[in-house]
Amino acid sequence: MLDLNTVREQDLIVEPTHFTERLKPYAKTNDWFNWKGYMACNTFECEGKEYAAIRSGTGVFDICPMSKYDITGPDAMEYLNRIMTRDIAKLNVDRVTYVIWCDDNGYIQDDGTLFRLSENHYRLCSYEHAMDWLMNCAEGFDVEIKDTTRDIAALAVQGPTSFGVLEAMGLEGLENLKPFGIMRVPFKSGEIMISRTGFTGDLGYELWTTPDLAGDMFDELFEAGRLRALKPMGAIALDLARIEAGFVQAGVDFLTSEHVIRTGRQRTPLELDMEWLVDFNKPLFNGRKALLKQKEEGPRYRFVKLDVEGNKPAHNSFIFNKGKQVGTVTSAAWCPTAKTNVAFAMLEWPYGRDTDNLEAEIYFQRELGWTKVMAKCKPMKGPAFDPARKRATPPSRI
Amino acid sequence: MKKYDAIVIGAGHNGLTTAAYLAKSGLDVLVLERNDYIGGATVSRELHPETKYSNCSYVCSLLRPEIVRDLELPKYGLQVVPYGGGVTYQRDGNYYTNYDDHDRQYREIARFSKRDANAYERYTADVLKQTRLIRPFLMRTPPDPTSFKAKDLQELAYLASKFTGLGETGMADALRFWTMSIGDFLDEYFESDIIKAHMAGGGIIGTALGVYSPGTAYVLLHHYMGDVDGSVGAWGFARGGMGAVSNALYQAFMAHGGELKTGAGVDHLIVKNNQTKGVVCENGDEYYADVVVSGLDPKRTFLDIINEEDLPEDVIKKAKNFKIRGSSGKVNIALDGLPTFNGIDPRSVKMKGDFHFIDSLERMERAYDDWKDGTWSKDPFVDLLIPTLVDPTMAPTGKHMMTVFVQYCPPKVNGEEWTDADRDAFGQTVIDQIAQYSPDFKSLIAHAEVRTPRELEKEVGLTEGNIFQGELTFDQLMFNRPFPGYAQYRGPIKGMYMCASGTHPGGGVMAAPGANAAREVLLDLKRKNVVPEGYADD
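Chains A and B, in that order, are what the protein sequence lines are. Per this note's numbering, the first sequence runs over residues 1 to 398. Per this note's numbering, the second sequence runs over residues 1001 to 1538.
Honestly, the hints are just simulated from the structure, not real lab data. A hint or two may mislead.
Here are the in silico distance ranges between beta carbons for each label pair [claimed, not checked]:
| # | chain 1 | residue 1 | chain 2 | residue 2 | range |
| --- | --- | --- | --- | --- | --- |
| 1 | A | 87 | B | 1378 | 53 to 61 Å |
| 2 | B | 1320 | A | 140 | 47 to 55 Å |
| 3 | B | 1128 | A | 381 | 36 to 44 Å |
| 4 | B | 1392 | A | 300 | 48 to 56 Å |
| 5 | A | 369 | B | 1128 | 36 to 44 Å |
| 6 | B | 1161 | A | 87 | 39 to 47 Å |
| 7 | A | 119 | B | 1164 | 43 to 51 Å |
| 8 | B | 1392 | A | 311 | 50 to 58 Å |
Below 27 Å or equal to it, Euclidean Cα-Cα: the simulated DSSO-like pairs (lysine-lysine) are [unchecked claim]:
| # | chain 1 | residue 1 | chain 2 | residue 2 |
| --- | --- | --- | --- | --- |
| 9 | A | 378 | A | 339 |
| 10 | A | 293 | B | 1129 |
| 11 | B | 1129 | A | 289 |
Every residue, glycine too, gets a C-beta built ideally from N, C-alpha and C.
Hey, can you work out the whole structure from these sequences and the hints?
Right, dumping it as structure tokens:
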């Protein structure tokens, strides 16, 4: 990433990340897209192989563009507890948790991961830019909020051989790191922070360092990965992996409330099957009152993860219940490892109550010939893919 | 003597729109224009050899796409080219670049405040919500809230449904937005002066109010609610100047069999038994029609070209009270070359948008103070563009044209009429401000047209030179525009109508008032409507 003043001279709309120069030789398809103003790849060579790397070897994804905010100060925990729906007091030092946060109407403002780096130091990674909201909520709290997006070089290293790769890279002590744990390892003139986190539902880590060490970290990681089926993965492979793992994506499965223009398009956690992330025992957090009211009155929508009959992905499908249109699919994919045809769908209430008779209206095209099928859908009990290796500590050394 | 079906007074873009639709419906229509050229304030004239100015209005966004398509204006040469970029200078020479892509804009705002960069996303969404509320009403006649006619009740219900559709928070936000000041509105989002100053221009342009005067937030919508091919809020240049809009409307009108006379200023309406019968021109010529549509502003319509004895007393009073204060000036400049602006690469997108030279709301409010004191702003808010960088047809290759909109400029100077010396001093103030940021600017000036409210009133006919034909404050909008009881384009005299920016939905080169007026005329004549409905926002 460039200095802001340099960017100004260069006039770039989409700028490189700390890893772009390193990734370019791998980007055989030259299929870059704009992720919050930074260069990211849809594919490097072949999305199928990149997905296979996540599930059989290791896939590496550049997460520099992700918005990051460091929150420090004596009130940091109390402040975050006010914002987040979960009980942040339960988050110990060197642990990470998935969080959502709501506006006063109880609508989900965004989701992300919250890292507790020390007693009074947290890092929030979010889908949207969050500086404005974080500052607005900071009135009365003794906290400092810093946008550290540009100051951190980070890679997601995901897949069953990821532990082996990192160990081969010389990062020691990783075998005892549990899921959602954080540890730090000296590296060159500084250190790498490793968290056992990710968006693939598999064994995986995220590596965080300073920009000056980005190149070395990348080189050593890729060198160590040569014998362990490591390759960079693009956003298409990652999207497939997250659907298979049952993870929702902001901006796809729900909209972030501040960006919604049309009345009623926002969603609450209760409507996204995320009540487990809301701790009503906390006396005060943003959106609590509205969420309690909705809990009493009932939601407007129900979010379901569906197992769809057949092998045609239900992209953008309408969902029917006994012939009546009751919802739409937000994400869909044929999941290669789980051999499941997964669809996430938003159903209107009260039709979401009865999930026994759902059908997806799927259109697909072969050689300009369009076919429509009505595919039966069953609600899924859990993620399509949830391997034991994801949790195994110590993980496999392969 | 020949009798027309309808006479339209004034060949501005709204008058031409009304005329084109009436002609399209098969009526025999005559347009009378006082000047020797058409266009009103939507005009491009060649006052310097081979260089065209957009003398008054200078950019295009609000022009209703339904009308452009329906009257086949592209066939008659209308092409709107989007532009973006521009800078707002600080006094210290640093500047904010107004990139029109989100990512560069985010980073550029972040140079001043990371919080503001993010807040801009919230701001954009919130302003867009307000435009979505108003846009469906642009091509509709406002309901009369005091009548109990089925049509009015229906429209009121539609209005209510759009409003309540905003939800509880949305309704509260809308009510605040319509009544608050642009300064207060911006303070709810931004912390850095220059960002606020950059965003505030849209709230005061053409308005005799300061950035902290209530009602200015709404004015912003007249700079955000338009679109260029579906991109809401985008602006473009009419290729060949804003006159291209009027010329295309004129040709559409002619294609439908219309007739237009220039040099034909109307002296007064002929009214018999509370029914219009025609008009008498300043040169004594008389033209007859049972329908007469005025494209003049409400003050000139009711206080100038209709005899008092033909009007109800309340209309005279309302016209006298109508707020149409002069607050803007315009300087159009022909340049022998492209001026250099401090710290800006001449090839950059920064050159291709609006330049502003005022960096805080405080300075903008002081500029308004000068207006209240009876003089033009010594440190004015200007909106400067060099259209030739986007539309090369306006000047010979290598030469350029600059359009400078100036806020504030009073209708009178210290209570006295403008003199030529005042006008020149006003022009010099503007030129001096620009020259502070462009060292070679003055040496490149080949010709300048300086227009104060005096010139705008005299040449275009706008009372006090008010560009919106009346201020866009809440008391003069929707069913109150121009005044209560007369917001459905019908005047107090049978057969008399109003069709221009003094009526709903107000100012800007929109053509919506003209189209709406034509629809009401056709309704009264029991003719089939030929005016298109507005496109629905999805």
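**OP:** Measure nothing beyond the straight line between the CA atoms of residue 378 of chain A and residue 339 of chain A; if it is 27 Å or shorter, mark the hint as holding.
**Re:** Holds. Residue 378 of chain A to residue 339 of chain A sits at ~15 Å (cutoff 27 Å).
**OP:** Check the following: the C-beta atoms of residue 1320 of chain B and residue 140 of chain A are separated by a distance inside 47 to 55 Å.
**Re:** Roughly 53 Å apart at Cβ, these two residues keep to the hinted range, so it holds.
**OP:** Using the Cβ atoms, figure out if residue 1161 of chain B sits within 39 to 47 Å of residue 87 of chain A.
**Re:** Given about 42 Å between the Cβ atoms, the range holds.
Original post:
Does the Cβ-Cβ separation between residue 1392 of chain B and residue 300 of chain A fall within 48 to 56 Å?
Top reply: holds, 54 Å
**OP:** Indicate whether the distance between the beta carbons of residue 1392 of chain B and residue 311 of chain A respects the range 50 to 58 Å.
**Re:** holds, 56 Å
**OP:** Could you grab the alpha-carbon distance between residue 293 of chain A and residue 1129 of chain B and see if it respects the 27 Å cut-off?
**Re:** holds, 26 Å
Original post:
Does the Cβ-Cβ separation between residue 369 of chain A and residue 1128 of chain B fall within 36 to 44 Å?
Top reply: Between residue 369 of chain A and residue 1128 of chain B, where Cβ atoms are some 40 Å apart, the hint holds.
Original post:
Measuring from beta carbon to beta carbon, are residue 1128 of chain B and residue 381 of chain A in 36 to 44 Å?
Top reply: Because 41 Å falls inside the window, the suggested range holds.
**OP:** Below or equal to 27 Å on CA atoms is what counts here, so check residue 1129 of chain B against residue 289 of chain A.
**Re:** holds, 25 Å
Original post:
Should the hint that residue 87 of chain A and residue 1378 of chain B are 53 to 61 Å apart at their CB atoms be regarded as holding?
Top reply: Distance hint for residue 87 of chain A, residue 1378 of chain B holds at roughly 59 Å.
Subject >> Satisfaction of the hinted span 43 to 51 Å by the C-beta atoms belonging to residue 119 of chain A and residue 1164 of chain B >> reply: 49 Å Cβ-Cβ, so the 43 to 51 Å window holds.
In the structure shown, no violation is registered for any of the earlier numbered hints.
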